[in-house]
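Make a model of the complete structure from these sequences and hints.
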Amino acid sequence: MSDERHDGVSTNEPAPLLELLFQRLAADDVPARTAEVILAALCGEDDLAAALAGGQAKLDLRRTGTTEPRSHIYMSSVAVAGFRGVGPERTLALHPGPGLTLVVGRNGSGKSSFAEAIELSLTGDSARWADKNSVWRTGWRNLHAPNPCVISTELRVDGVPTATRVRRSWPADCTLIDADVLVTSAEGRFTNLASLGLARPLELYRPFLTAADLGRLIGGTATQLFDAIDTILGLDGLTDADKRLMAAARHHDARIKEVRAGRENLRGQLGDIDDDRARRAVAILASSKPDLDQLDAILAEPLAAGPDPTIALARRLAALTISDSDDIRRLADELRTAVAEAGLHDESRANTSVRIAEMLRLALDHHADSGDGPCPVCQTGALNAGWRATATGSLNELRASTLAARRAAAHLTDLIRRVRGVVDGIEVPDGEAPDVPTTDLRRALAMLREVPGSPRDLADHLTDRYPDVAKAAAEVRAAAATWLRQRDSAWRQAADGVRLWIAAARQVPEHEHALALLKGARAWLKSSGEKIRNERVAPFAEHSQRIWRQLRQESNVELGAMTLAGTSTRRRVVFPVSVDGVDNGTALGVMSQGELHALGLATFLPRSCAPESPFRFIVIDDPVQSMDPAKVDGLARVLGRLAEDRQIIVFTHDSRLPDAVRRLELNARVLEVLRAEQSVVTLRPAMDPIRRYLDDANAVALSEDVPEDVRAPVVAELCRSALEAACHRVVWRVRAARGERYTDIEAAIDKAGTSITTLFALALFDDPERGKDVLGRLANKYGPHAVEAFNACRRGVHGGYLRDLPQLVTDTRILTRALT
Amino acid sequence: MTGTDPQRYLAAADDMLRGAGVLGAVAVTDGWWPKACACLIRLALEGGIDAFWLRASSPVARCGSRRTKLLMLRKRIDLDVVHRVSFAWAALSRLTHHHCYDASPTLGELRHLYDEAKAALEHL
Numbered sequence: 001m002s003d004e005r006h007d008g009v010s011t012n013e014p015a016p017l018l019e020l021l022f023q024r025l026a027a028d029d030v031p032a033r034t035a036e037v038i039l040a041a042l043c044g045e046d047d048l049a050a051a052l053a054g055g056q057a058k059l060d061l062r063r064t065g066t067t068e069p070r071s072h073i074y075m076s077s078v079a080v081a082g083f084r085g086v087g088p089e090r091t092l093a094l095h096p097g098p099g100l101t102l103v104v105g106r107n108g109s110g111k112s113s114f115a116e117a118i119e120l121s122l123t124g125d126s127a128r129w130a131d132k133n134s135v136w137r138t139g140w141r142n143l144h145a146p147n148p149c150v151i152s153t154e155l156r157v158d159g160v161p162t163a164t165r166v167r168r169s170w171p172a173d174c175t176l177i178d179a180d181v182l183v184t185s186a187e188g189r190f191t192n193l194a195s196l197g198l199a200r201p202l203e204l205y206r207p208f209l210t211a212a213d214l215g216r217l218i219g220g221t222a223t224q225l226f227d228a229i230d231t232i233l234g235l236d237g238l239t240d241a242d243k244r245l246m247a248a249a250r251h252h253d254a255r256i257k258e259v260r261a262g263r264e265n266l267r268g269q270l271g272d273i274d275d276d277r278a279r280r281a282v283a284i285l286a287s288s289k290p291d292l293d294q295l296d297a298i299l300a301e302p303l304a305a306g307p308d309p310t311i312a313l314a315r316r317l318a319a320l321t322i323s324d325s326d327d328i329r330r331l332a333d334e335l336r337t338a339v340a341e342a343g344l345h346d347e348s349r350a351n352t353s354v355r356i357a358e359m360l361r362l363a364l365d366h367h368a369d370s371g372d373g374p375c376p377v378c379q380t381g382a383l384n385a386g387w388r389a390t391a392t393g394s395l396n397e398l399r400a401s402t403l404a405a406r407r408a409a410a411h412l413t414d415l416i417r418r419v420r421g422v423v424d425g426i427e428v429p430d431g432e433a434p435d436v437p438t439t440d441l442r443r444a445l446a447m448l449r450e451v452p453g454s455p456r457d458l459a460d461h462l463t464d465r466y467p468d469v470a471k472a473a474a475e476v477r478a479a480a481a482t483w484l485r486q487r488d489s490a491w492r493q494a495a496d497g498v499r500l501w502i503a504a505a506r507q508v509p510e511h512e513h514a515l516a517l518l519k520g521a522r523a524w525l526k527s528s529g530e531k532i533r534n535e536r537v538a539p540f541a542e543h544s545q546r547i548w549r550q551l552r553q554e555s556n557v558e559l560g561a562m563t564l565a566g567t568s569t570r571r572r573v574v575f576p577v578s579v580d581g582v583d584n585g586t587a588l589g590v591m592s593q594g595e596l597h598a599l600g601l602a603t604f605l606p607r608s609c610a611p612e613s614p615f616r617f618i619v620i621d622d623p624v625q626s627m628d629p630a631k632v633d634g635l636a637r638v639l640g641r642l643a644e645d646r647q648i649i650v651f652t653h654d655s656r657l658p659d660a661v662r663r664l665e666l667n668a669r670v671l672e673v674l675r676a677e678q679s680v681v682t683l684r685p686a687m688d689p690i691r692r693y694l695d696d697a698n699a700v701a702l703s704e705d706v707p708e709d710v711r712a713p714v715v716a717e718l719c720r721s722a723l724e725a726a727c728h729r730v731v732w733r734v735r736a737a738r739g740e741r742y743t744d745i746e747a748a749i750d751k752a753g754t755s756i757t758t759l760f761a762l763a764l765f766d767d768p769e770r771g772k773d774v775l776g777r778l779a780n781k782y783g784p785h786a787v788e789a790f791n792a793c794r795r796g797v798h799g800g801y802l803r804d805l806p807q808l809v810t811d812t813r814i815l816t817r818a819l820t
Numbered sequence: 001m002t003g004t005d006p007q008r009y010l011a012a013a014d015d016m017l018r019g020a021g022v023l024g025a026v027a028v029t030d031g032w033w034p035k036a037c038a039c040l041i042r043l044a045l046e047g048g049i050d051a052f053w054l055r056a057s058s059p060v061a062r063c064g065s066r067r068t069k070l071l072m073l074r075k076r077i078d079l080d081v082v083h084r085v086s087f088a089w090a091a092l093s094r095l096t097h098h099h100c101y102d103a104s105p106t107l108g109e110l111r112h113l114y115d116e117a118k119a120a121l122e123h124l
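Residue numbers (the working numbering), protein chains in the order written: chain R, 1 to 820; chain P, 1 to 124.
Do not take every clue at face value.
[What the hints assert, rightly or not] Pairs of lysine-lysine residues, derived as DSSO-like cross-links and limited to a Cα-Cα distance of at most 27 angstroms, are as follows:
id, chain 1, residue 1, chain 2, residue 2
1, R, Lys-243, R, Lys-519
2, P, Lys-75, P, Lys-118
3, R, Lys-781, R, Lys-751
4, P, Lys-69, R, Lys-751
5, R, Lys-471, R, Lys-243
6, P, Lys-75, R, Lys-772
[As the list claims (entries may be wrong)] For the chain R half of the interface with chain P, some residues (derived, Cβ under 7 angstroms), not all of them:
id, residue
7, Thr-682
8, Ala-699
9, Asp-709
10, Glu-724
11, Ala-725
These are calculated hints, taken from the structure and not from any lab test. Quick reminder that beta carbons are idealized off the backbone N, C-alpha and C, glycines included.
Below is the structure:
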């Protein structure tokens, strides 16, 4: 930042905000990330989001402010018809250039109608107007001449030959907001001023100051004024940036709070679940920074596993498998068959068969070796071919029968082993699982295991006992499965919540990081923003103070340098006002209405006069209200000073300001507004009152259509007023030169003013008691015409003066000149 | 004091208020009507009071003080009427003198004073 910001309210473009902040950030050694966030916030929401995400911000300041028109705009006239107090069309012609114009008219003269017409025609802010009061909702059209209803304002843009005209007209029966708007200018025809880029500057600089505006200073416009000055100074970007930072911080803070609340929520939920995993999860969640990895591990546990013995038991019970009852019945039947089979083969008979078979085999061998011969066993029989055939057959038969007996025995043994295997193979795990009764099963199994000795009984035992076991086992299995299922589904539901929460919780560090960045950014922006603001606002403040110093006169209220303070919703313009040097913060409260008005002017005028404003005119409506004469003089000086390079148009309801302007010999054009019957408004240049009275008197004197006896007192009356005004001027001059207070001078004049003689005594001798010397002094010093004029005015006002009326006017004119 | 009928002053004032006739039109166009109008209404009111005293008591009629003439009315007519007459006269008197920071009286003000003067003349 160069020195240019110090050279006061300059017409230099202020350094672009982005650049200015960049340099300040570098100078303050702000951490790179924070700096980036601040600069991004200045540029926009998207940039800020990108910067917080660690991405690259575009840093592109799209400010349109610099394209606003910079040509100076003056007002050349406003024509009003059918609006408010103005009936038939009247034009307030202005000199489109620097200078002071005073428009004087009593309340109800139509003066304010012009002031309001100017503002309405330019801002078109009918909504604001319609809101004002019921008069504005219904009484904006003139009562006597409601149609046509037109306001036509003509502006002069410096260096452009074509005038810019804003014409706002209301067709019959349409409402205030339905005006037809036509803007004609060198740049073409439009339907609004925004097309010329003037809408925003009008809002920013508000070249209109109404009494209501001035009064609103204490009514909470401090924030609006802050925004206006901020924007004028090109610093509204700071406010916007802070708004963006705050919005972003709020977002991150909300996420963090959500996770924190979610943790409490989960703890409550999981606490109600009878599950080891839930219990462990609750334990982890008890920490303010829960171990997310551990939680993840719990979630990842397979449903079948888990070190919990109860669950393991339940799982084994649920998985308890025993042979099908039908299979067992078949086995028993088989056993019975095998027992029967084995019973067919008698053991002793079998041994006999084996021995006989052996004997036969040996005899056959013997026969084969020895051939036919007698039987060596019985000695009677013979071994021969016949015997041999029979013996061979017997031997084969014996062999087959032995084999079958052996096979049946082996089959039976095998079946018995299988049955034992079934009985012994049913294994019920030890221990009790909740809600899974195993007593029945265990009892049935114990009975099954009491196996009888004989194979035949075994088969019956099996068919008798096994179904009980099978039934009990099925019941245990089902109960265990149900228990497991219930437990699991509760956990599984909660687990989904836990999973979501973990995902959110994993983002928390990022949010916290962003939040810390944002906090840092806001803190820096707050302190630096305030510094930058107050540096830039200093010229404004200085102008305010300068105006106040001139306005305050005898006021004991002191105005310090105004500052722009606070951010977001608490941003406001601060006026350090002190009374008698004591700043107790209640100064505004003890100020008089007139002082508040003056303070309002001191505060708002610098804004309307900002060098950046394209508007070189300022319209001020009734600034003199409740101001004491000394302040009016101060105001006249302020306005005279501003009028050196501004077009100042002031509407005022009495002649205090024009009188002050005249007294201070300031250059000003004074117009008088009068309203006659049927809202016929006249605007005429207001001359010095003495000349005005005399000119009017002359006009009446020459009106020969009026009978002379009616005319005469009116002429005398106007001449007397001219003499009175002349006396006032003398008294003012003499006493003000002595340094007398304005209020005292006024009081003296008021007191003497009841009679023309005492007033002359005051003017001629500075002593109201010397009325008897007045005529002598007039005759001596000013001659017989003066005496004539004085007497004619004194008496003629009540009728009776019937001499040459134009002569009376001439005599009076001479006397007033001589006096002043 | 003079023979001019107060009603003629009133008529002229009315012309100015309405912008009627040559006088009214000129006065409104030139903008000098408010002060002249006030003057005429006052003359009418004073004329009415003078006429009353000429009929009622010539010593009072000859008295130079306008204030005395007004104060004396209290004994003769309804107090409410006297108050209104006094107020109208004071207002008109103020309007017809030059004052510091003076601005022309408004139409409404003058119309009201005109009506007051007219009513007073009828009473008197």
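Going down the list of hints, with the structure as the test:
no.	hint	result
1	R:Lys-243 <-> R:Lys-519	holds (13 angstroms)
2	P:Lys-75 <-> P:Lys-118	holds (21 angstroms)
3	R:Lys-781 <-> R:Lys-751	holds (26 angstroms)
4	P:Lys-69 <-> R:Lys-751	holds (22 angstroms)
5	R:Lys-471 <-> R:Lys-243	violated (75 angstroms)
6	P:Lys-75 <-> R:Lys-772	violated (34 angstroms)
7	Thr-682	holds (5 angstroms)
8	Ala-699	holds (6 angstroms)
9	Asp-709	holds (4 angstroms)
10	Glu-724	holds (4 angstroms)
11	Ala-725	holds (5 angstroms)
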